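For reference, the chains in residue letters:
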Amino acid sequence: MGIGEGGKTIAEMLEERDRLIAETGYFYGLKELELHDEDPAKMTRFNWRLTNACITAKESAKLLSATPTVRTFGECLFMLLLPQGDCITASHGLAGHVASARDQIAYMVRLGYEDNPKIREGDIFACNSPRYGGGHSADNYTYVPIFHEGELVAWAAGINHIAEVGSALYSASVPIVSPTTYTDGWAYPPMKIGDGFQIAKWWNLLWKEKTRMGNFNILDSNMRVAGSIMIHETVKNVIEEFGIDYFRKGIREILERERRRVETIVRRQMIPGIYKHAYWRLSENKGQVGPSFPFADKDFPIHTPIELHLTGDGRFSIDLSGTSREDYHSWNAPSDGTRRLALAWWWLPQFVHSICINTAFDYLIDYTIPEGSHLNPTNEQLSTSIGLGGMATLMTPLWNICKRCFFSRGVLEEDWSATGCGGLLEPEGVLEVGVPWSFGMFGAAGSWSTDAGSFRDGLSAATCGFNPQSDMGEVEEWDLYEPPLVCLARKLPPNLFAHGKFRGGLGISWVFLVVNAGQRLSISFGSGGGPRIIGPAVGMSGGYPGGYTDWHVIFSNTNALELIEKGMGYPTTLPEIMQWINEGKLKVGKIQYVSGGMPSIPLKDGDLYVLSSHGEAGWGDPVERDLSLIEKDLNEGWMTPGVGKDIYGAVAQSVDGKWQVDKNSTNKEREKIKQTRREKAKPFKEWWLEERELVVNKEFKEEVSYIYQDVLGNAKAGAQFRGFWRVGEDYQL
Amino acid sequence: MAEIRSGELTSRENIKLMMEGKLNPDIVNSLRRMAIKEEDRFWKYVDILQEKTGFKERILLRLSDHLYIVAKGDERIVKCDCGYEFGDYRINWKLGSLVRARKTTEEMKEAYTFLPKEMPHPEEGLVEIREFYCPGCLAQLAVELVPPGYPVVFEMFPDLDTFYRDWMGQPLPDENPEWFQDKTLEEISHWDIE
Ligand SMILES: [Zn+2]
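The listed protein sequences correspond, in order, to chains Y and X. With the first letter of the first sequence counted as 1, position 733 gets the number 755 in the numbering used here; the numbers rise by one all the way through. With the first letter of the second sequence counted as 1, position 129 gets the number 132 in the numbering used here; the numbers rise by one all the way through.
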């Protein structure tokens, strides 16, 4: 006798769901939406009661959290799930996570949790191991089953990004350097952590022992449980009001309604065809792991070639043949997370324009993800501590593919995309009085800029790909949690974007000064990528692709504190710091440049730290940029006249302190740029012949060979590579 | 702002103004808030583009700012709005372009201004910037940021027959399964490599 509907087991209900979809093409075989048709107003009321239950749970429960990450940035989500784990509706917030719950529930079912440890009313389950469908162990999921007369009818769930995961090498919620699973920190499989709606006492002890910020993590855990129980209560009331039969049928109808909706959106905005995109990053570990992990002491390229085939029946088939292998870096992403979570980041902002955030889109996608690749690892000893970073290699390509289609269909207003770097600053230390502390600053994660569209520039510091409710937060609030790091300025410095007829959203930078470092202080930064490879990979319409603008500059042994004491002020951007140094005003000892993710770097009183992030992609040929837009950029300080001239051909003069672009000289300058193009460029075939030499002679850097080894090792991707360069079947690296 | 009826909101004139970047941002937002777009957007768009380019051939699809797939005689070709013809759309049009590959740190930094001067990146040999220009008008049509030796990316290969027949309800007159066969590698296989 199972706990599901009419005594079925949940395993049987899972099988039933999948069979009905396969047989009919409709969610749960629902060819007709009877409840919607009978009384649409009643259905809307029903739907809103459920959606509001999730929103209310989030807005109330988040006040239990002690971190601005949850309270301000909104890095949490509450959901209502089918017994099988499909998300029916959710709160606002960390929306991508709607897709992970389905796998975590399925794992519990497959592992036989119905029998042991049993799923009963009042139980509380939790999971954060990315091997069960999540993205990284910072994301902690909590589940409370909802029963009606002894049968499981739904789940309430909460998830949030916690402050610290207890990784071995340094304090972080996203440990960017972790050579094996044993250095990842605390990752737990689905566990029953309480019953009778009470959290077990040992659970909180585990947080204290396993992580550096136990108290913060315990409060977050309480928050997830409290919000889930709130949803549980509301759903019980809804069942009483509408009746259990209406509830059961209604939640399935919502998913089928939403499936039809996204199908229509796809047909209105996309074009069947084959789309290709390349994306890659570097996991820069060389010199960072110490002598204990020689096998991990190198820079690993993470390459994800994407081929998307959209077929006439509106299905997306995503083929990742040729993807880089799994390896001893922290970005391995178990395949469940790749298929659900990572792709939800793609399809949610592009297609799910609905009152209820749900997982209906999931049923439109098929996948080919090579086994043993970083997006489908098989070696369980490998780290997954920031698998989400590997998964995120799918987002920009898929967003861009959609944008390309929307443009070709004339749906130009749908032009949201971003290049998606921008990670977490994670300082830690011990205060002078001996109190240890650590913290993750989400300001950079919450202030993504966006790529340009076909008729407008990108937005600046305005969004976040994972979290549509993002907020970069108040500087003062973040400062409170990282006492020795005083934020001197948060600014949009000039030229920090990729160029195009329409330019990408402006990058943002922070300048921090270390004051009262205490007994010990170090900072690390979990990032999507660094400027060693500039960025990925395919631009739009002749615009430059967005770059990995996560970079860091650390100035040690400065006299900044002295300057402030003397009332001489302080510099607020990197160019200003360099100017102050050149003028002899600012004295510095050592200058350190770090690309992308930053390992733990110790800081002392008076050190200056500059963090930069988010210069996004352009659209179109820069020399076609409207002169008035260039004037505006110059006058508002987003672009310097030199860049205006070199890239855009704009000849500008300052008249009474205002920049004016001269049309005639600009036309001449732009002709010159085109002339330079003619001189520097070669007819494709000529270029191809020269490049081919390099390929034939295998003149590749180690990291590049690494990428092509995996391409060549894959039948489909290998044939493409060999065919393109005509290097013969036996070509290997 | 006065309330806009949906018919006016999605008028040909509004779509044209949006393409030119001249549509009031509030109206752009109203368009964006339409979860399901009006059915005939594509036809309005193609009509505007036909007028804008002055092409005598029928536009089948716009690929980018400058590039279109057009029906020319019994061919379907990629054509730049300057008039330059790239040939069969089943072959990646980049094969008919002019290419400049920026390979040194210095050359790459000229195009990417967001890196501090003092920073020794991007790293030569690890990445290169490929710029693809139109041989006719020298417009920059595409940019790739890839490792050296990366096969050139065929960004978009639409299944035009399926699109027009199944999604738009107006089949193209010259339907043929051959139209959805990528011919890029076949083209390269004819090149003389000696
Ligand atoms: Zn041209």
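Some clues are possibly wrong.
Stated by the list, open to error - Straight line, CA to CA, 25 Å or less: simulated DSS-like cross-link-like pairs of lysine-lysine:
no., chain 1, residue 1, chain 2, residue 2
1, Y, 707, X, 186
2, Y, 667, Y, 707
3, Y, 685, X, 59
4, X, 25, Y, 654
5, Y, 704, X, 59
6, X, 59, Y, 690
7, X, 97, Y, 513
8, Y, 704, X, 120
9, X, 47, X, 59
10, Y, 308, X, 106
11, Y, 626, Y, 612
12, X, 59, Y, 694
13, Y, 609, X, 120
14, Y, 626, Y, 654
15, X, 106, Y, 694
16, Y, 738, X, 186
17, Y, 738, X, 97
These are calculated hints, taken from the structure and not from any lab test. Bear in mind that the values here come from a model prediction, so they are computed numbers and not experimental data.
Cross-check of the supplied hints:
1. Y:707 - X:186: holds, 16 Å
2. Y:667 - Y:707: violated, 31 Å
3. Y:685 - X:59: violated, 32 Å
4. X:25 - Y:654: holds, 16 Å
5. Y:704 - X:59: Given that 25 Å is the threshold and the Cα spacing comes to 30 Å, the pair is violated.
6. X:59 - Y:690: violated, 31 Å
7. X:97 - Y:513: Between residue 97 of chain X and residue 513 of chain Y the Cα gap is close to 39 Å, so the pair fails against 25 Å, i.e. violated.
8. Y:704 - X:120: Distance ~29 Å between residue 704 of chain Y and residue 120 of chain X Cα, so the pair is violated.
9. X:47 - X:59: Satisfied, since the Cα-Cα distance of roughly 17 Å is no more than 25 Å.
10. Y:308 - X:106: Measuring from Cα to Cα gives roughly 24 Å; hence the hint holds.
11. Y:626 - Y:612: holds, 12 Å
12. X:59 - Y:694: violated, 31 Å
13. Y:609 - X:120: holds, 19 Å
14. Y:626 - Y:654: At roughly 40 Å apart (the allowed maximum being 25 Å), residue 654 of chain Y and residue 626 of chain Y break the hint.
15. X:106 - Y:694: holds, 21 Å
16. Y:738 - X:186: holds, 16 Å
17. Y:738 - X:97: holds, 22 Å
In terms of the numbered hints stated before, the structure departs from hints 2, 3, 5, 6, 7, 8, 12, 14, listed from lowest to highest.
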